[in-house]
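Participant: Sequence:
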Amino acid sequence: MANQQATNHNVHITDRTAPKVTSYGRSGEDEHDPLLLLLLPLLLLLLLLLLLLSPLLLLLLLLLLLLLLLLLLLLLLLLLLLSESDSDSIDGSARPPFPFSSPASDSSDSSDSGSSEQSWLLSSPLTSEPSDHQSSFWKGEGSFG
Numbered sequence: 001m002a003n004q005q006a007t008n009h010n011v012h013i014t015d016r017t018a019p020k021v022t023s024y025g026r027s028g029e030d031e032h033d034p035l036l037l038l039l040l041p042l043l044l045l046l047l048l049l050l051l052l053l054s055p056l057l058l059l060l061l062l063l064l065l066l067l068l069l070l071l072l073l074l075l076l077l078l079l080l081l082l083s084e085s086d087s088d089s090i091d092g093s094a095r096p097p098f099p100f101s102s103p104a105s106d107s108s109d110s111s112d113s114g115s116s117e118q119s120w121l122l123s124s125p126l127t128s129e130p131s132d133h134q135s136s137f138w139k140g141e142g143s144f145g
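The sequence shown begins at 1 in the UniProt record's numbering and counts up one residue at a time.
None of these hints come from the bench; they were simulated from the model. There could be a bad hint or two in this list.
Stated by the list, open to error - Just the calculated beta-carbon pair ranges, DEER-fashion:
| hint | residue 1 | residue 2 | range |
| --- | --- | --- | --- |
| 1 | 61 | 36 | 17 to 27 Å |
| 2 | 47 | 81 | 35 to 45 Å |
| 3 | 34 | 71 | 21 to 31 Å |
| 4 | 49 | 75 | 21 to 31 Å |
| 5 | 52 | 85 | 45 to 55 Å |
| 6 | 81 | 48 | 40 to 50 Å |
| 7 | 38 | 78 | 30 to 40 Å |
Glycine included, every Cβ here is placed at the ideal spot set by N, Cα and C.
Kindly produce the complete structure, drawing on both the sequences and the hints.
Facilitator: Below you can see the structure in the form of structure tokens.
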């Protein structure tokens, strides 16, 4: 009894007698794509026009089509270039160099970055020579009061 109850909850009952309803709301086995049904007569009409036209007009139409495709590609290339230049300013990749790096070279050499950092540290006020007031204090000549 327990085994029968355990297997019953896994059973899914489907009604195989119900007609298949497509996404277009009509029943049937296979429905054609409505876009294809619209394009098929247009393609047949275009083929008929091409057969009736002279070869010179056909060549002219093909050249016009190629020109339109070329213009479309140029437009897409322009949009791509514009989007890349916008992304450079957004993500900050065109920012000024790191303060410790020398402006002449942006190489990632550890020796170069170390020497420029060392030169920066040497010129900083923390490692400079103490002033007269500081030196007199450390020599014991200053007063605490």
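Participant: Hint by hint, say whether it matches the structure.
Facilitator: Hints versus structure:
1. 61 / 36: 17 to 27 Å: holds (24 Å)
2. 47 / 81: 35 to 45 Å: This hint holds: roughly 38 Å between Cβ atoms.
3. 34 / 71: 21 to 31 Å: Holds: the Cβ-Cβ distance is about 30 Å, inside 21 to 31 Å.
4. 49 / 75: 21 to 31 Å: holds (27 Å)
5. 52 / 85: 45 to 55 Å: Because 48 Å falls inside the window, the suggested range holds.
6. 81 / 48: 40 to 50 Å: holds (41 Å)
7. 38 / 78: 30 to 40 Å: Distance hint for residue 38, residue 78 holds at roughly 31 Å.
Going down the numbered hints, you'll see the structure goes against none, and every one checks out.
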